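S.K.: Whenever a hint applies, use it, and build me the whole structure from the sequences.
Protein chains in written order, with my numbering: chain L, 626 to 1069; chain S, 626 to 1069; chain H, 626 to 1069; chain R, 626 to 1069.
Derived from the structure by calculation, the hints contain no laboratory data. Do not rely on the hints blindly, as some may be mistaken.
No copy labels: a pair is met if it fits in one copy or bridges any two.
Unchecked claim - 30 Å max Cα-Cα, derived DSBU-like pairs, lysine-lysine:
id, residue 1, residue 2
1, K826, K884
2, K715, K1019
3, K1044, K863
4, K643, K950
5, K643, K1000
6, K1044, K634
7, K754, K636
8, K1044, K795
9, K863, K1000
10, K950, K863
11, K925, K950
12, K826, K740
13, K844, K863
14, K759, K826
15, K795, K1000
16, K795, K1019
17, K750, K740
18, K995, K643
The structure presented is a predicted model; accordingly, all values stated were derived computationally and were not measured.
4 protein chains.
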Amino acid sequence: MSYFSNINKIKFEGPKSKNVLSFKYYDPQRIINGQKMEDLLRFSVAYWHTFTADGSDPFGAGTMQRPWKHLTGMDLAKARVEASFEFYEKLDVPFFCFHDSDVAPEGNTLGETYKNLDIIVEMIKDYMKTSKTKLLWNTANMFTHPRYVNGAATSNNADVFAYSAAKVKKGLEIAKELGAINYVFWGGREGYDTLMNTDMKLEQDNLARFFHMAVDYAKEIEFDGQFLIEPKPKEPTKHQYDFDVATGLAFLQANNLDKHFKFNIEANHATLAGHTFEHELRVARINGMLGSVDANQGDKLIGWDTDEFPTDLYSTTLAMYEILKNGGLGRGGLNFDAKVRRGSFDVEDLYHAHIAGMDSFAIGTLVANKLIEDKVFENFIEDRYNSFTYGIGKEIVENKANFNSLEAYALNLGEIQNKSGREERLKSVLNQYLLEVISEFATV
Amino acid sequence: MSYFSNINKIKFEGPKSKNVLSFKYYDPQRIINGQKMEDLLRFSVAYWHTFTADGSDPFGAGTMQRPWKHLTGMDLAKARVEASFEFYEKLDVPFFCFHDSDVAPEGNTLGETYKNLDIIVEMIKDYMKTSKTKLLWNTANMFTHPRYVNGAATSNNADVFAYSAAKVKKGLEIAKELGAINYVFWGGREGYDTLMNTDMKLEQDNLARFFHMAVDYAKEIEFDGQFLIEPKPKEPTKHQYDFDVATGLAFLQANNLDKHFKFNIEANHATLAGHTFEHELRVARINGMLGSVDANQGDKLIGWDTDEFPTDLYSTTLAMYEILKNGGLGRGGLNFDAKVRRGSFDVEDLYHAHIAGMDSFAIGTLVANKLIEDKVFENFIEDRYNSFTYGIGKEIVENKANFNSLEAYALNLGEIQNKSGREERLKSVLNQYLLEVISEFATV
Amino acid sequence: MSYFSNINKIKFEGPKSKNVLSFKYYDPQRIINGQKMEDLLRFSVAYWHTFTADGSDPFGAGTMQRPWKHLTGMDLAKARVEASFEFYEKLDVPFFCFHDSDVAPEGNTLGETYKNLDIIVEMIKDYMKTSKTKLLWNTANMFTHPRYVNGAATSNNADVFAYSAAKVKKGLEIAKELGAINYVFWGGREGYDTLMNTDMKLEQDNLARFFHMAVDYAKEIEFDGQFLIEPKPKEPTKHQYDFDVATGLAFLQANNLDKHFKFNIEANHATLAGHTFEHELRVARINGMLGSVDANQGDKLIGWDTDEFPTDLYSTTLAMYEILKNGGLGRGGLNFDAKVRRGSFDVEDLYHAHIAGMDSFAIGTLVANKLIEDKVFENFIEDRYNSFTYGIGKEIVENKANFNSLEAYALNLGEIQNKSGREERLKSVLNQYLLEVISEFATV
Amino acid sequence: MSYFSNINKIKFEGPKSKNVLSFKYYDPQRIINGQKMEDLLRFSVAYWHTFTADGSDPFGAGTMQRPWKHLTGMDLAKARVEASFEFYEKLDVPFFCFHDSDVAPEGNTLGETYKNLDIIVEMIKDYMKTSKTKLLWNTANMFTHPRYVNGAATSNNADVFAYSAAKVKKGLEIAKELGAINYVFWGGREGYDTLMNTDMKLEQDNLARFFHMAVDYAKEIEFDGQFLIEPKPKEPTKHQYDFDVATGLAFLQANNLDKHFKFNIEANHATLAGHTFEHELRVARINGMLGSVDANQGDKLIGWDTDEFPTDLYSTTLAMYEILKNGGLGRGGLNFDAKVRRGSFDVEDLYHAHIAGMDSFAIGTLVANKLIEDKVFENFIEDRYNSFTYGIGKEIVENKANFNSLEAYALNLGEIQNKSGREERLKSVLNQYLLEVISEFATV
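M.R.: Structure, rendered in C-alpha cells:
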C-alpha cells in the first residue's frame, strides 16, 4: 500500500526546474571536498514531527491531514512505520530518529509497552533490511506521560527514576537491535518551575547517577553508539538543567561524564538560550564535544520553541562552516527536528518542508565550503591575531610570560594600535559568497 | 582639502569585481520598473552616526579614527560639513539627514546656539548649491542635554516645553531654508521610567499640543515638508510613547493629527517592539501612513538598539516588497540610521558599511521587484482568499451580510475545508528568488 | 452530590489563622472607601482553567486529578456545571466566565452544538436562580477547532467567517439569557504567522465588519452588556491583531467602533507585549476604555503565556491603584484567567490558588487605597508638574501658547532647573506602605 | 570640608519614623541567628556608580548634581576620596569597592597612571586608618579605554594582553596594600561581536593563561584575597565569555582554575542571562562557588543592564534565603553595584537609594531567616523527596542500583503516584511570611 501515491521520488533537478517537488540545490551525488553531499550532510527525518504529530498546539486541536488518521493503537503504529519508509525512500534520506513513544503506543503496564515496542521494532528492523535509511539515533520519551510531571531522572519520586531507567534500558537495547549510531538524552522535564519546592543538588546528583548507569549498561550490552545530550534552556519547565552547551559541559565535567558524551545541538534551543546557532556549535567544537545537530530554526521574536524547518541561509551557512571546520559531523547527522506549520496541513507540505530544509543546508554547505577553500575568515583571523605569533605574543601563548615580564614590556609601550574588526565588510563578503557561489552552481 | 583622499568615487562594478570599494549590486542608473534605482531607493546618509559619533558606548570611550578628530567647537563643525559633502559625492548618495546638534555645537544660550546653527546652515546651503545631495529631513535633538532628562514636549517642566518649542521652530526654519523634504519627530525621552511619578495623560496631551503648534507654524512659514513620527518602544526611557506604528496611529487619530503626519519606520525599532520590520511597514502602508524609512538592522538576541548597517537580505527584500507595493516611498527615503561597529573604527569602514547597506537594499529591490512582477505572493493570496469573491464571502465584503443571514448559511454548511498556507514552500520560493534573480543579474 | 466534600466553605480568618483553606486578607464584608471589598473586587472564576482544563501542555498529557475525570460528553458537561456552582459557593465568589466550548461539547453539526449548549445553558440558569454568583462575561471559542486554523473573523475562508458569526450570535443570545454583564472578544487566531500569505488589510476590514455585525445584533436582541476586546500580542499566532491596548484603540478608532467597546486587560498579555500590567491599565484608563481585567500574572523570563495565579503584591497593588483611580471597574471584574501549575494537580490546589489570588488582590487593594488616601503619588506628581499651573505652563495647557510666544519666552530663560524624579525613594515608600498597611490590618 | 553637610548620619529609626533619611528596617546591631545584621549583610558601596558616574547614557549627557563637579584631574580624584569616606560614615557601611580608574585618572603613560594611583591609594589608606569601612574588593577597569576595543586578556592584540597584565598586577598590589578581602574579574569586553572575525579558542586559552598568571602573582606577593569572577551574558559585547555561573564553571573546570576562584553574582546579570537571581546563587552555592554578590536589580522587560538599587522584596528574600543556606557570604559581601536613575540627580538621592537597598535586604534577611527557622521550604522538600530515603530510592542515592535492578523494580510497579508541588500555596506562604514577619518586627 502507498501512503503518498501522488508523490514521485524527489530528485535533484537544479534551480531552473519548475517542479516544486524536486531538489533545486541538494544534489546527493555531487562531490564537495572529496565527499558526496549525501555522506557529508547525513540528513535525518524526525519521526515524531513527521509521522506522529497531529498539529495540535496549546490553543487548538490537530489539523494535520494524514492518510493514517483513521487508525488507532497498534494499527496506527504499523501504518506509520510503513508510511515512514515510503517517505524516506521518496525523499532519499539516509537517516531517521525516534522516541520510543513515537513508534509504539504505551501499554497499560511497562511490560505491555515493551511488547508493543518489540513488535514495532521488529517491523522497523525488517524494513531496514531493504532500505538504505539507517537509525541516526533513538531516545526515550520521558516527558509526555503524567508520571513525568516532575521530571524523570530528576523526579522527586524514586519510582519515576526507576521507571525511567527501565525505559532507557529498553531504549539502549532497541538502539543496539537497530544499529543506532547514537543515543540521545533530551532533558524533557529535567529542570524545575520554582526553587521553593526543589532540591536542585539532589536532582542533579541523581541525573549524574542516571547517566553513569546508562554508560555502564551500554558497556554491558556492548552498545557502542555515541551518547548525546541535547541542551535546551526552558520549556516545558521554566528552567531546564541542560540550559546550553556550556552548562551541559560544566555538569559533565563535574561528574566525570565528559568522556562519554557529546552534544546534540538544536538551532531553536540555542536562540531560546540567547545564543546564535553557530555559537553553540563553536563552543561544542572547540571543546571537542560536537556530536550531532537538530537542524531547525526558531523565530527570535517568539519566546517558545517553534521548531521551524531551516530555511535561513545565513544560519545554514554559518552552521555548516562550524561543521566543516569540525571535519564534519562524524557519527552525527542533520536531523530535521522541525515541524510543518499548523496551517501547512497537507501531506504535500511534509515534502515541501523537507525539500526546503535540505536545499537550504545544501546551499549553506556550498557557500561555507567555498568560504573555507578561499580562507576568507581564516586569512582575516590569521592577520588579526598575528601579534601572538612573535615577540611578547609568542611568549604569552607559549606560557613563557608572567605578570612581571608583561609589566616590564607594557611600561615601555607607546600608544597601542589596534586593527579594525571590519564586521561590515565581512557581512558584505558573506552576502557576496552566498549569491555568487550559488550563481556559479546554477550554471553547472 | 580632502578628508578621504585615499578613497576614490565608489562606482558600480558588478559582483565579479575584486575592488572592495565598489558597488557590486547597486547600479544607480539601472532601470527597475521604469525608474532608475537611484530614484527608487533614495538613499540618505545619517549625519550623526557618520560624522558626529565617536564610537563611545555605555562602557567605553570613543574609538573612531577621524581626520577631524583634533578639532573642537565651530572648527570641528565646519570640518564635518566639508567632510560630509565629500563623503556624499564619493558615495554618490542623493540625500542626507541631521539633528540640529549634529551639525553645530550648542552655545551657552539659546541665542548663541541659533547663531552657531545659522553659520553652519549657511555653509551647508552653500555646499548644496553645487551638490546633487539634498536634505531628506532634519530634526531637533531634544534628548542629549540634561534639561531633557524628563523629556521635551512631555517634560514635567514647562520651561523645557518652551525651550523645545523654540528648538523645533528653528528646526522648521532650517528645514525651509535648506529645502528639506520631510521633518522628523523621534520621541527621544518622550516617555517614562516609572508610572509612580508620571502624569501620562498630561504628558500625552502636551505632546499633542506640541504637534499642533508645529503644524501651525509650518503653515505660517509655508514649509510644506512631510511631518514624520518615528516610533520606538523603549530606550532611553523604559517606555516611549511612540511605541510602534499602531500606538502612534492611535495617538494621532485621538488628537486629530493623523492628516498631518506619516511614519518614519526604523527596522531596529520594529524588532525592539517585538515586530518584524516588514510588519511595521505593512501596518503603515495599509493605513496610508508610510512616510520614510530608517534603514538599519538590529540583532534580535540583543535587547538594545544596535543600529547596524542593513545586510540581511531577507529583511531588505521583504522591506522593499512593502515599499514597492506602496508605490515607492514618495517623499521619503532610505536613511542609513546605522553606525559602524565600535571595532570598525577606520574611515574606510564608513565606506564599507554604506556600500554593504546600499548593495543589500539593491539586492532586496531586485528580488522584491521580480517577486511582484511574477505575482508570486499575489497569486497565492488571491487564490487563498478567493472565497470572498463570490457567494457568502462576497456578501460579507460588500456589507450585505449580518449575523442572521450568516447563521442561516452556517447551519447548512458541512465540514469546512481549509487550504494549506504553504509557509514552508513560500520560504523556499523566497530563497530561490533571492539566489536566482541575483544569479541572472550577475550575468547581465 | 458533592465534588469537594472535604473542603469547607472558605472564610476570612485573618493572617494569624493556621488554616490553609481560609482567607487571610480577603474579607468580603470589610468596607473600603465606602464599599464592601466583595463589591469592589468583583472576583470571577474562569470556567475553562478550573473546570475544563486537564493540565496538558505542548510536551505532555493532562495531569489534573478531578472528580469528574471518568465522565465524557454531556455527562461530563453536566458534572462540571454541578461542580462549578459548588466551587463558587465554597469560595464565595460573585462571578464566573466561560467560553461556549468550556461548558458544552461541540456536536457533529452546528445545530447539534446549539442543542448541547441549550441544555447546559438551561442548567446553568437553573443553578443561578439559587446562587449569588453571576455571569461576568461569556465568549465564543473560535480557536480550538481545526476550522479556525487561519482565524475566525479574519480567516481567509468565508465559510469560517460565517460559522464564527453564528457562534457569536449564539453567544450573545446566551449572554442575554444568563444576564451576562459583558461579552468578550479575545482574538484567538485573529492574526498571522507570515505576511507572505496574508492579506492584512482584508483581514482587518473583515474583523471590523464582524464587530459591527455583533454591535447590530446585540441591539436587535436588546442585549445591553458591555463589549470587551482582550488584547494579546502573540500566541498562538506569531502576530495577533489586538497586540495591546494602543493597537486595539487604533483599530477601533479607525473603524468607528470605539464607542461600542472597552478593553479586558490581562496581566500576562501585557508583559508578553513588553509592557507592565499597570501600563496597559493606565493607557486604557486615560482613554476611558478600561472595561475589565483578567487577573493573572506571567513570568517575565518566559516567552509564552503562563497564566499564573496572581501573587505578586507589587503587581496587584499597582493594578488596584489604576482601578481605584478609575473609580473601580464599573461593570467589569477581576477574572482569574489563571491556571494551577501542571504539578499542582490536586483538587485542593484549585482552592489554594484562588485563595492566593484573592488574598493578593485584597492586599493590593488595601495598600493602593491607603496610597490614594494619603495622596502619596498624587502630591508628588502635583508638585512635580506644578509648572503647568501658572505662567507659561498655564498658557500651554490652556492652548494659548504657540511657537512664537514660546520661543520669545525661551530666549530669555537662564539655565533650566529640573526636579529629581525620586524613583528610589518612591519605591522605598511603596515597600513601606505594603508592609505597614498590612501590619496595621493584622492588628485590627 | 563636608560634601554632604545637610545630611546627618543615617540611623535606624524603625518603620514608624517619618524621617525619610533613616533606616526603617535595617538595624545594624539587631541580632539575627546569633549574628549582628551588620556582620551578616556586609554592605558595600560601589565607588563608580556613587562617586565617579555622572548620569550619562547612550542618548544623553551627565545629569548628576555633585559637589565635586567643578573639579578635574587629581583634584577631582582627591575630592571624591574625601566625599566617599564621609558617605561611608554617614551611611555606616562596612565596605566599599572600586575599579582602578574610578579612583585615579589615567595618565599619558602607564607609569603616570601608576603614579596617580599610588597617590590616591596612599590617601585612601590614610582614610581607612580612622574608618571602619574596609575594601571588599578592587578590580581593574579594562573596558573603557579604546585600547580594549577588542577585549583585554582576550584581545587579538598581544600588546593589550600585556598592558592588561600590568594593570591587574598593579591591582593586586593595591589590593594587598589596602587589605582587600577579594579581587574581582568582570569580563568587560572579554567576548565577541561576530564569530566571523573571532578565534574563540585562542581567546579563551589566553583568558585561562591570564588567570593562571594572576593566581601565580598573588602567591608571589602573598595576597590571600579571594579571586572572584563576575558573570555577565552580554553588553557591551554581544556575547561575553562569562555568560553565567554555569558557563564560568565549565571554563574554570576545563582550565584547572576552579580551586582558585569563586563567583561574584549580580542580580541584573542573572536576569539578562535568562535566569532568576536566586537561580544563579543556587547554582554557585551547590557547587561551593558562592563568593560575593553585586546587589542590584534589573527590569525584566528591559534588555540592557539597568543596575537599579534593589527594592524588590521577593528578590531580596529569595537571595538572602540562598545566602543564609550558604552559611552567609564568608569573605564576600553585598555590594550595591547600582546607580541612581538618571532623573534622580540630587545628592540626596544617593542616600535615598542606599537606604532603599539596605532596608530591602534587611527585610529580605528577616523573612528568609524566619522561613529557614520554621523550615517552611525544608519540611516541604523533605517530604516531597522522601522516596529517596528508603527502598529503591535509598539504593539509588547510595549508588547501589543499576538499570537491571531498576527495571526489575519498575516492571512490578502499579500506577505511579506523584505528589502535588503546591506552587500556589508556597507563593501564598511566602507573601504571608513577608507581611507577618515584618508586621511582628514593627511592633518590637
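S.K.: Hints first: check each against the structure and report whether it holds.
M.R.: Against the structure, the hints:
Both within a single protomer and between protomers do K826 and K884 lie at most 30 Å apart by alpha-carbon distance, with minima of 22 Å and 20 Å respectively. Within a single copy, K715 and K1019 get their C-alpha atoms no closer than 55 Å, and across copies no closer than 42 Å, so neither meets the 30 Å cut-off. For a Cα distance limit of 30 Å, the shortest separation of K1044 from K863 across copies, 19 Å, qualifies, whereas the shortest one inside one copy, 43 Å, does not. Only between protomers do K643 and K950 lie at most 30 Å apart by alpha-carbon distance; the minimum there is 26 Å, versus 35 Å within a single protomer.
In the homo-oligomer, the alpha carbons of K643 and K1000 lie at most 30 Å apart only across protomers (16 Å), although the nearest pairing inside one protomer, at 35 Å, exceeds that limit. For a Cα distance limit of 30 Å, the shortest separation of K1044 from K634 across copies, 24 Å, qualifies, whereas the shortest one inside one copy, 53 Å, does not. With identical chains, the CA atoms of K754 and K636 are at most 30 Å apart within one copy only, with a shortest distance of 23 Å there and 61 Å across copies. Within a single copy, K1044 and K795 get their C-alpha atoms only as close as 57 Å, which misses the 30 Å cut-off; across copies the closest is 27 Å, which meets it.
In this assembly of identical chains, the alpha carbons of K863 and K1000 lie at most 30 Å apart only when taken from different copies (25 Å versus 42 Å within one copy). In the homo-oligomer, the alpha carbons of K950 and K863 lie at most 30 Å apart only across protomers (23 Å), although the nearest pairing inside one protomer, at 34 Å, exceeds that limit. Taking the shortest alpha-carbon separations for K925 and K950, both the intra-copy value of 26 Å and the inter-copy value of 26 Å come in at or below 30 Å. With identical chains, the CA atoms of K826 and K740 are never at most 30 Å apart, being 36 Å at best within one copy and 49 Å at best between copies.
Taking the closest pair of Cα atoms, K844 and K863 never come within 30 Å of each other, the shortest separation being 34 Å inside a single copy and 42 Å across copies. Proximity of K759 to K826 under the C-alpha cut-off of 30 Å is found in neither arrangement, the shortest distances being 39 Å within a copy and 34 Å between copies. Taking the shortest alpha-carbon separations for K795 and K1000, neither the intra-copy value of 47 Å nor the inter-copy value of 41 Å comes in at or below 30 Å. For a Cα distance limit of 30 Å, the shortest separation of K795 from K1019 across copies, 23 Å, qualifies, whereas the shortest one inside one copy, 53 Å, does not.
For the identical chains of this complex, K750 and K740 are intra-copy neighbours only, at 15 Å inside a copy versus 51 Å across copies, given an alpha-carbon limit of 30 Å. Taking the shortest alpha-carbon separations for K995 and K643, both the intra-copy value of 27 Å and the inter-copy value of 16 Å come in at or below 30 Å.
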